[in-house]
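Chemist: For reference, the chains in residue letters:
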Amino acid sequence: MTNLFASDPAAVAQEAKIENDDVVIAKSRIILRRFLRNRTAVAGLAIFLALTLLSFIGGFFSGWDKEAIDPLNIGTPPSGEHLLGTSQAGIDLYALTVEGTRISILIGLVVGLVSVLIAAVYGCTMAYFGGKVDKVMLFILEALIMMPALLVVAVATSGGGIGLKKNLPSWLLLIIVLLVFSWMGTARLIRSLSLSLMQRDFVKAARYMGVPPRRIVWRHLVPNIGSLLVLDITRGVTGAILAEVAFSFIGIGIKVPDVSLGVLIGQATSQVSTFPWMFWVPLAVMFLLTGSLAMMNDGLRDAFDPSSGSIGSANGSARTGKTQKTAKKKST
Amino acid sequence: MSGETAPVPAGTPGAPGAVERLHVAGLHAASDAVLSVRDLNVRFNTENGVLHAVRGVDFDLLPGKTLGIVGESGSGKSVTSLAVMGLLPDTAEVNGSVRLLGTELLGLGDKAMCRYRGNDIAMVFQDPLSSLTPVYTVGNQVIEALTVHNPTMSKHAKEARAVELLGLVGIPSPRDRLKAFPHEFSGGMRQRVMIAIAIANNPRVLIADEPTTALDVTIQAQVLEVLHTAQEETGAAVVMITHDLGVVAGMADDIMVMYAGKPVEAGTVDDIYYNPRMPYTMGLLGAVPRVDIAEKSSLVPIEGIPPDLVRAPTGCSFAPRCPLASDACLAGEPALSGVSGSPGHTAACIKSDALDGADVHEIFAAPAVPVSRLDAIPRSGRKAVLELRDVKKHFPLTKGALIKRRIGTVKAVDGLSFDIREGECFSIVGESGCGKTTTLLEIMEFHRDQDGEVIIGGLSNKAAAGARTTAAMRRELQMVFQDPTGALDPRFTVYEVLAEPLETSGMARPAIRKRILELMDLVGLQPDHVNRFPNQFSGGQRQRIGIARALAVNPRLVVLDEPVSALDVSVQAGVINLLDQLRAELGLSYLVVAHDLSVVRHISNRVAVMYLGKIVEIGDVDRVFDFPRHPYTRALLSAIPVPDPHLERSRERIILKGELPSPLDAPTGCNFASRCPVFAALPAAQQEKCLTLEPPLEPEQPAAVPASSSPAAPGAAPDQQFACFYPDGELAADLLVVHEPGPIIHQNNPHQKKKGTP
Amino acid sequence: MLRYLAKRALTYVVMIFLTTSAGYLLAVSTLQPALLEQERIPRPTPEQVVNSFRLKGLDPTLSPWERYVDWLTGILTRWDWGRSPNGAYINAEFGDRVWISTRLFLAAIILTLVIGVALGVYTAARQYKASDRVITSYSYLVYIVPAPIAYFLVQLGAISINETVGERIFFVTGISTPGLAGDGWARFLDMLAHYAVPTFAITIVGWGAYQIAQRQYLLDNVNADFVRTARAKGLTRNQAITRHALRVSFIPVAQSIAFTVPAIFAGGFFAEKIFAWHGIGSWSIDSIGLQDVNAATATLAYGSLIFAIGAILADFATTLVDPRVRVQ
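Protein chains in written order, with the working numbering: chain E, 118 to 449; chain Y, 1177 to 1934; chain G, 108 to 435.
These are computed hints drawn from the structure, not numbers from a lab.
It is possible that part of the hints are untrue.
[What the hints assert, rightly or not] Partial selection, computed: residues in chain G whose CB lies under 8 Å from chain Y: (1) Val121; (2) Arg210; (3) Ala331; (4) Arg344; (5) Asp429.
[What the hints assert, rightly or not] Computed cross-link-like contacts, BS3-like style, restricted to lysine-lysine with a CA-CA straight-line distance of at most 27 Å: (6) Lys321(E) x Lys1568(Y); (7) Lys249(E) x Lys1569(Y); (8) Lys1587(Y) x Lys1559(Y); (9) Lys249(E) x Lys1833(Y); (10) Lys1833(Y) x Lys321(E); (11) Lys1569(Y) x Lys252(E).
Keep in mind it's a predicted model, so treat the numbers as computed, not measured.
For glycine and all other residues, C-beta sits at the position ideal for the given N, C-alpha and C.
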């Protein structure tokens, strides 16, 4: 206690050491390591990235584009000239699939990211203000959950959107509508999670230290719901891609001339037996897409889960509750 | 223990091997034991390797006797009991021998084991809140225990027996309560139901695993009493597993102390408490503060943490923490061996013979009692750092769905006034629900709309106009939380944790870094650990981080909410010593809320006893604890088990009836009347006064002080106030319990005298 | 309890009113049946169209708000949900459509629940064994297949069975063979042949979610303290799990069932569309295609109502299985 306010050389040296010391592995690195250890997850990530890349540059590998009609090849199976065959209109299926994949991924990414963002802002606002604000916002949330999304999708994209349709491509319209109906579940989850976080002692401690509320939200709440947000983004992307396919499949989502995987699959259903490649090719791409996302999601969940089995060399990283004893042993 | 690892062959009681083992284990002959455990080993497969959780446990349990197994968390005591019951998961590897009434239990299948479980051997678990199935009625669950082993019993007979059992464990109107669901019962009541289930088939062996750890002291006393009754009714032998040396002192005949999965000392209860021969046992006994003695010596801290049982210890498992460890201790793990001059007493220490009569404080180098410069100044001469004036916190209790009706008021805190002076430790004690935590929160909230005045370092909440006053107040007052894990953001490094209050107070970065290093040093942590995350520290170290954070801005008053209740006994002592030291060196004041009266007695100068939102007794801690005037204080104190077997067996205990009533039902007169042992014995005319008038909190009326009741009272008026009309009233006889007269050695101990008799 | 349910019901009535009104206003301002009329041959004059619509209460010259008020008055005073552009009365058609949807989904829902929950229990009991891995992987696989595509694949499968056998065993579309003559037995066989494919398709797509949920909740409970207590009484592990853990694990499942049954029901657009059963779901989509404001709104109101009933049922189911939330 004698050196309480004195500065001695040892302390200064110590200081320098702390600044450069890297004995502690950052949490994000631990999570990254765990994710990379999970082979399925890495495979999922690789497939997803490959598909995304293909959807953007795939067009350059083929002489045909999605609008060029080959009058000599109408509804032909895969051949040297047309890698994946052609559609009934004589358009190269490879070009169509590349284009469709891009639209589907675009819809998935935009809806997944933006809806989680909306949900985070909405959920945190509810939890933070509480009281009347919370009640009103919760009511709006539940009312939106009650609205059958599909109907509104149909109204917006089919008959009704006439005015809108002139200005907006149907995929953008679908993105907007999907966004409106995709964030409520996550928002509710974030609200309840934030509420329980606000009750935690470390948040109380920060309040009693006089830390301003905005800082508490930013430094304590957001990082602690971060893992949930990341998981919800991958889930949201998957959900949006599935929704696009489902809606377009029955003819109320993306409309021709725009293409998407759902449109391609849906168009091909009537002649599956005659032109099977038209159906199975885009379907296979869709499976690769959603499947790779599901694999990634699984790996991420494992990496975030403190009680997961894949601890490995990530020593004393995230362990709580029952495994406290082991954590004890690791400290000196 | 003797190096022999083969299990005792099944079906041959008294085989030579077993006899020899017994001799080595040195407890009793196995022939008449109801439960005999030999060389029990349990291993679990974990991610880090094979965890050898129990490493060679031997014991014999004689009919009707009680064996206490004492150890800290992770010592293997609970795993031992679950292994005996055959309730470990299939992944656990269990070796050795467990014989119940001569039958080998290990190796029996689940189905075969079911013939014994709940019939000859039964168990009571730690957490009563989660141990009953929420969707079935209590009666249903008691009857199920009967049905399993008595399929022919008629429905009527089973119901009658269930009523009888619930009555036996002290559940009022048992017939009606059969149809109640567990959530309608309090924790204490649920634990009674658990006991009723356990004794339903008159077991020969009853294992109780920390049965009272989750309960309040008054409820703990009740439940221990029920266990005692249950043992008397059934004649069962009891294995009592606990970390609390006080709980078993009065109950157990024999004690086994476990450390790192192994028994390290075993013997009769007197051997262990009065003549311990293993440094760990000695340390444990020295680490526990005593509620009944005004000793102001430091507690014995046991440095370090228990070994990792994934790696087999090569030497004595306690050696790394033992102050007496020498090179010899590191060569091979010592076996339990007889202690010279003390038959039946064994210890696993190569130096056990030399420890006869050793002073634990010397061995463990307990620090000297820190003296604050403020201690010399009389209390009245010191400034007040916190003052509460008539603080109230009432919650409206509403009912109804559409239109909320106010059906009453919960008076969580009802008119509290006290002050804390510089350099003083003030504690609030009481059962859970008495309002002590609400009081803390009211102080921490500090805003103008509060009912009552809170003055912190001269700043009144009534004048708390803006952020400036509040910020000034936050620099005067900081808080340490109960759960050290929950109070630290898991995503912050220690550096970030400690920097947060400093950044908030606007300190510059280089100054922050310097201050953090000072703080680490101050609380006894290595400064180069600042880059670690909280989960890389042990519980005790985390609590030190919490204390360092509270001290960061140099507050004058630190509020501590149950600062050590989440810690193991040996770790607890270190944190308490640290708090003592910081108070003396930095001139801090503490406001402590705690349910453990022993800890309170050790660290406090003054104490307030709360009951239903009101202070019923307040004053100097030694005065209040040695000469309690309010019947509630007396009951509370008598409910605390003391780690002293003689005293524990012979002292008279007040067992309060019922539980803390809902604050909603607070009566007009004295709040405590419904449970008061004095009130129960009063003539009706005097009872009237308790029921109609609220007793004020006042110092003793000089005329009313009977000379005999306060022999140590100094000439000046003692610092003690209480709220009771009849502090000297006779206690109702049916609420008093003395188990056995026993040989009273401490005749001259003033605490054993029956107090309060006019 | 009753008071609580009443309060919830009232909240939902308000919500239904709001969503339906919002839906109506959205539909009435975007759907323009008059445009479709223009495509008729012979092409009617705009005046004829307006007149014809005015007679049906669909006057396109009125502002959306005026039409909303008219529409609402009709419902509140006469329980008249209006007419379609082709003149049909919504009230009359509604009953038929609901009945068709009910027939399509009732058996499927029951099968989905029973199979899903049973498989959940089965896999939880065999955690990490081969059967658990296969079944749980299947459930996760279903999650990445859009429902309409799964239905379509089942349809393809049924067709290929028919082709292999060379006889029409299954009908992959429609609700019954029109004009079928014959006795009760023949009718029954015909019904089976029509029901089999959609019921099978909806069931195998639906059970995955319940299987995963039930498995997870049961696994959360098999090591609970109260199961240990039950074993300490002398119950075997399996007895303790079936008598104690199962019942407790059913609490959240019951709640989710009450919530998702109406969701399946109201979200049955895909199944109705693919299997060509003209129930509520396909009506709602068709009505939008036909620019039918009143029908679209009616189906929306129906969806909201079903949702509200589900939410109240969920509350009710919870109080039924969980004594802790019963109001004393």
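Chemist: If you test the structure against every hint from before, which numbers come out violated?
Modeler: Hint check: 1, 2, 8, 9 and 10 fail, others pass.
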